[in-house]
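J.: The chain contents come next:
Number of protein chains: 2
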Amino acid sequence: MAKSSRGKSRTKSTKSRAATRAPAKSKTRKVVDRARKYVYAFGGGRADGTAAMKNLLGGKGANLAEMAGMGLPVPPGFTISTEVCTYYYANRRTYPAELKKQVAQHLARIESLVGRNFGDPVRPLLVSVRSGARASMPGMMDTVLNLGLNDATVQGLIADSKNERFAWDSYRRFVQMYGDVVLGLKPEDPKQADPFEEILERKKQARGAKLDTELTAADLKELVAEFKAVIKEKKGTDFPSDPHQQLWGAIGAVFGSWQNARAITYRRLYGIPDEWGTAVNVQAMVFGNLGDDCATGVGFSRDPATGERRFYGDFLVNAQGEDVVAGIRTPQPLSKAAAIEDAAAQGIAEADRLPALEEIMPDLYKQLTKIAAQLEKHYRDMQDIEFTIERGRLYMLQTRNGKRTAHAAIKIAVDMVKERLIDRDTAIARVEPSSIDQLLHPGLDPKAEKTLIAKGVAASPGAVAGEVVFSADDAEAAAASSKKVILVRVETSPEDIHGMSVAEGILTARGGKASHAAVVARGMGKSCVAGCSDLDIRYDGEYFLARGSIRVGRGEWITLDGSTGEVFLGKVPTVQTEGESGDFAILMSWADKARRLKIRTNADTPKDAAVARKFGAEGIGLCRTEHMFFEAERIDVVREMILAADTDGRERALAKLLPMQRGDFIAIFREMNGLPVTIRLLDPPLHEFLPQTDADTNELAAKIGVDAGTLRARRDQLHELNPMLGLRGCRLGIVYPEIYRMQVRAIMEAACTVAREGAKVIPEIMIPLVGHVNELARLRKSSDELSRAIIAETGQKVAYTIGTMVEVPRACLTADEIAREAEFFSFGTNDLTQMGFGLSRDDAATFLPQYVESGILPGDPFASLDEGGIGQLLEMGVRKGRGARAGLKIGICGEHGGDPSSIAFCHRIGLDYVSCSPYRVPVARLAAAQAAIAGTRKKP
Amino acid sequence: MAKSSRGKSRTKSTKSRAATRAPAKSKTRKVVDRARKYVYAFGGGRADGTAAMKNLLGGKGANLAEMAGMGLPVPPGFTISTEVCTYYYANRRTYPAELKKQVAQHLARIESLVGRNFGDPVRPLLVSVRSGARASMPGMMDTVLNLGLNDATVQGLIADSKNERFAWDSYRRFVQMYGDVVLGLKPEDPKQADPFEEILERKKQARGAKLDTELTAADLKELVAEFKAVIKEKKGTDFPSDPHQQLWGAIGAVFGSWQNARAITYRRLYGIPDEWGTAVNVQAMVFGNLGDDCATGVGFSRDPATGERRFYGDFLVNAQGEDVVAGIRTPQPLSKAAAIEDAAAQGIAEADRLPALEEIMPDLYKQLTKIAAQLEKHYRDMQDIEFTIERGRLYMLQTRNGKRTAHAAIKIAVDMVKERLIDRDTAIARVEPSSIDQLLHPGLDPKAEKTLIAKGVAASPGAVAGEVVFSADDAEAAAASSKKVILVRVETSPEDIHGMSVAEGILTARGGKASHAAVVARGMGKSCVAGCSDLDIRYDGEYFLARGSIRVGRGEWITLDGSTGEVFLGKVPTVQTEGESGDFAILMSWADKARRLKIRTNADTPKDAAVARKFGAEGIGLCRTEHMFFEAERIDVVREMILAADTDGRERALAKLLPMQRGDFIAIFREMNGLPVTIRLLDPPLHEFLPQTDADTNELAAKIGVDAGTLRARRDQLHELNPMLGLRGCRLGIVYPEIYRMQVRAIMEAACTVAREGAKVIPEIMIPLVGHVNELARLRKSSDELSRAIIAETGQKVAYTIGTMVEVPRACLTADEIAREAEFFSFGTNDLTQMGFGLSRDDAATFLPQYVESGILPGDPFASLDEGGIGQLLEMGVRKGRGARAGLKIGICGEHGGDPSSIAFCHRIGLDYVSCSPYRVPVARLAAAQAAIAGTRKKP
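One line per chain: the protein sequences are F and G, in this order.
So in this note's numbering, spot 203 of the first sequence is number 203, and the numbers just go up one at a time.
So in this note's numbering, spot 618 of the second sequence is number 618, and the numbers just go up one at a time.
Hints are computed from structural coordinates only; laboratory data are not their basis.
Predicted model, so just to flag it, every value in this text is computed and none were measured.
Among these hints, one or two may not hold up.
To be verified - With a cut-off of at most 30 angstroms between alpha-carbon atoms, the simulated DSSO-like pairs for lysine-lysine come out as follows:
(1) K191/F x K235/F
(2) K880/G x K880/F
(3) K760/G x K483/G
(4) K377/F x K403/F
(5) K186/F x K204/F
(6) K235/F x K204/F
(7) K781/G x K186/F
(8) K483/G x K191/F
(9) K593/G x K614/G
Just need the whole structure built from these sequences, with the hints factored in.
T.: Given below as structure tokens:
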């Protein structure tokens, strides 16, 4: 189905592309072609373009055109379209013949609108030149401001502004920007000094000035000369004084920047096609720093932190945009109410506070709020605007959809539906699924003082503080005396589970989002910062060094923020968040109606199951029985089982484990009354359960009364070179059939017990690591026979199913054969990625980060499913599986089940459900809804 | 292409099946249907069937019919067709209504032909009942002879044979066989005693007899009664005295045996469909043990050991077929010439030797040789015949294509082409490729005395003897003093390479055909017995225990036969074999003309390259540069490189390695003048090169002047949980670009040097472990730039190509993308199998043997390619790869490149070449020719 609908959309897009291309191709239209439009005007009450023309005008150009078209006060300008960029690269960096004329015409239009002329020494027109691609690209060319200044026009600016210092400062800034950006004097390596900054610094030293503002007009004039001299020296040519030469230099620099190394890397990382190209925006300058009747600021049509419906923003009187950003002066709130609030919060007396824009320029404030409201209604989304007031006149410089916190995003989306601005589907699509994670976990108090000592991978969200411990046993001991601890390890292994389960959070020096520590932490809902390579952990000395010098010993407090990957010294206060209520609950209820995918959870304990159910899980997609094996009182019995010399010995140990496992399943089935529970039979290699060091082995030997030599020999015998590809999963079930027999018995006896209590039990027995249908056929048969026998024994009917985890590439290749024996499939995409990519997630830290940084891989394939490669295996599995067994239930239980883009993929290929860790369930519900909506929208 | 041709053949076979089925389906043919033929007569100068009717009559029945149809003296009989077996199972173990009548009619025909009647107490007809399926199935029912005897008919046999003892012995044997086979009294467990054998044993003790033949007629008569009593006791019913009841009992037993456990397991193992069913052959008995005018024997139309064209075989006067097999009496040669030769060889005086059949029954001998020649001409293959002479009359009981040694197979095939009996393609197809391995390696002297002490996996062929050593260092030391040694290890690792390279052979306790020891040994052309689990190796005591009790210490001699997996005590003499000359050379020249696949070799040294070229290799398909790294004087430089703290340190060590590698490549290029050489850049994880134990690490530290702690830390840092999926292959090339740079430089400088000498150098640089096209794109670009630079530097043109090893499943899935960057593909099917199956070949020994034995897998996927699963990845790689780059050169360089069935698969999917270890090259050439011939024949 997914295929055919994609096929359709392809046909359609080909058609529409053909339609667009037709006129250009037609020879009879050659005359029209020659007069092809490359330049689009905006401002002066009209615009050639609209917001819908982003492909042609870029994001910035399209929004400027839209504002101008709405009649808003936009300084006039024009956009040179992305087609010119395409032409430029297709024609050895030359322009279409007609471009020059069109630019000249549009420049003349600006001149007439603002009543200034380009290069006029009396009333000079100054412009800004900015790049603007379809998608925002931070790696692109910077802005050039004040273009048009030279030794002659600066005099006009002095006369015009009546401010000599302002004029020379503008000139000095222009020469610097032009030299850096257009002439390429800005060093590639950020550690190298900018030649202009060096001169500026020397000048300030010579003048005893601390701030740029302390330099006089004369100083600045000297700087202009010195800047020009350095250009002459470095480039061998004079700084161009002709404004037209300046303009074409800047235009060429923008187009040239499309193929600079940073931009290429950025495009590769974000999958932006080279063919898109960039547009160039040329716009008349307006100044917010000509005096006290001038100002510049930014505003949001609603509060981006809370989502409240109130105009919100900051401004500075007599300042340029960059001053707001530079943070030298503190910007003031726009509204009086906010100004009063802020002052109160900072303990400033009402009399001492700075006035709001609402107070000093009430009319302009009113005009601004009106425009903000108008833009919001127009774009049907919260707007982030930039404005400048030049001598009492308001100019709009930019509008775009505003960034917001998760909390605000939800409130705004829900409010806008109530206000009938948007529909529910749009509201759902507006909230970034991964952002809502922060609503479910405690966060750091934003007001608290913090000392950042290291940064790693944000592996499992939540902010927590605790005393440092370096071993699972210490964690357990400390927790026993009610201490809060952070378990710090180079990396964790299944042996550390007991320590992890009692720790507040886990911090590791190695491994990424898919490392053992990360996966287990997310499963437990614990905070985790992983792969923190800044740490040098010294187990022997019981301390770690952060960044080579900060020494943190056992028992000292640290704080982790698992949502950002940050590690802080000491105990940073945290704030609890709201959970699923209010607007969040409303939005989620809409999402639940919109989605087709079911959301299950990966839960190994009744506690996890309860948490997940609270978060809306519709079943357990993966219950890993091995985690139960690690619990303190059991591990020795498990070890006894593993170390048994023969089947009888194993059976004896398994008989002890049976009631324990049955008890686990009873509790889980009770918790999940009415919902399906997929239980995976034992999966990991047995040696994971054994002690690793000789000392631990000897200790265990003494404890369970086995000869230490025998124990070490058995441990070594179980050692594997590549355990991931060794004796594990269904292979264990075939070599030691008694293990799976015990587990199936525990599951079915528990199911019958809970069913007899009146609950609805839906057990799904999952056989892991199947690579060949015969493995499944054999284990299914024996499990089926045993299950029937138990149902017959107990006389209690329970509808169970037996399926398999599809995690070996060969299982996907032969999914048709396997489906004949499987009542359900669950994709184990962690292992599928590991095997399909030949990539051990435990060992990938040595090269995977470099792969992602340098653009070899678009991202960590353990975080987001590799759709182009591993995704093919999933598609094959679905197609072949359902081909052999119509309506086969198929889900995913790998880590990808909680990743929004992977969830969208799962939706598209027709899975029935995704399963993720309990705290990811709401994220998955929202992502599934968005995928369904995107699918609906793509149809017709 | 492969797909469409398969599609076609499917259509065709459906059609032909429909055509066959049509008459049976037609309702108007109901009358004919009712009279459907289920029983086919043979003998008496005619037959209902032919050799072509194996599907209906089974192999034995079809050949009996063929011989009868040729007019040869076959005792008359009939075959109940396999259709009855199918009917039997489709209809709850009942027979078609008309079967009884047809059997009766055909029984009557036998009676009239031999002039005896079934159940007649005066001239009783006795018959044999045998199963006979389409394919030979050793797990099926045994034969029942002498059926038709009872207390009445035995008297007729006595009168007829004039030999009371013979008659009672026949009766006694019949009751025993019937009880064992038809009544099921033979115990399933071979360790349990047969009840009849127990009685027989007691009787012999009571009579003081050592041999059965010492029992009298009266004893045998008593035994018949006692045998019947035990049947009555165990089965609760009397032994059936009615011959018809006996006959139907035996027929039912044959059909029933089709579904016994042994037969089911056998079919699963050999992929024989359940639907085939078995036929039943009922044939009049003839006796070779009625007196001195009787005999029985076997013959071959040519000598099965040498292939010489002479009638060859053994016989016994006055004996039954089973006596020849039992070996109680020594059979005599059929021909006088052979009898004289044998006597001379055994030092028997001409006067004392036993006469040949040619001497005592010259007419019958002449008749027999004529028949043998006739059969050989008829079947166009060497025949293995069974005959019986009853009272001066010759009967043919069986003919089939005879088994033969590899040497004989080649001679017979070549001779038959010369005799115009067969064409060259048939000759090529007649020789089992894997059998010719024995012609290339020394074998054990067949006449030598041997003491077998253990048996493992036949991992690398060749028979060798040497003193036992337990470490690579000891091997090296012993070899330095010219001792021949066998390196005995639990398993080997790359650290053992220096020891393996000087040892005569390698014996390991763990690992299979694809273990490190096996792969390296085959690559080196060394004999290897791997996975010999009978061994208990005690490194500390420097000895091993074979089978728990045989103690072999360091310095003691043992002998390995790598072709059989056998291990012998002491020094067993070996014999050198002929190599590629004479008939072998002729056959191989035909094969070379017939094949389409090119055959290359996996060779890491000039020596290997020379050997392979001698064996007909047409290039090097895999030159593993890492093996060069392990050489004694280099390993420390390699370690210095790995342990370097930074790039500079690595570069310094690499600079030392450069001339060494360049020297290697120069020697190899010279050796391979005119042929392509594929060189794989460094592939294994770096820690493989480092010492494993702390002691070794400390020793190295002292040697290279590095702090031992630092060294251990670096070693631990490089440690990986799953090294196969870790930092290796092209990942090394990306993380440490200087390593590949050095290697590419070494290759290209060597190529330019040798090209300047006038040789033709065709280097193919292979980048391993590519999973994503970007990996290859980056490394190809840098390697390409460097190669061009070196060509420019040296001014010597060399046509090189850069391609990739396709060994990660994702590379197959995205082969279209990867092909855009690759000038060739080489499938690394070892890793592809490991990753695709999720199966570490180093760790699979704990379950893989059980998988194969119990039929979960049809065989070891590392020995023969898993066509149904991993094969799909190869097909995908070929289809997508050539789809993106027409004519892309594709080969295979995994272990499968030397496996005949995998070679056939490679031919079918259109690969250009296979590459295998030097000693497998002739095997591969022959297998490739057979694949090409099979492909041609399949076409219409």
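J.: Which numbered conditions among the earlier hints are violated in the structure presented, ordered from lowest to highest?
T.: Result: hints 3, 8 break, sorted rising.
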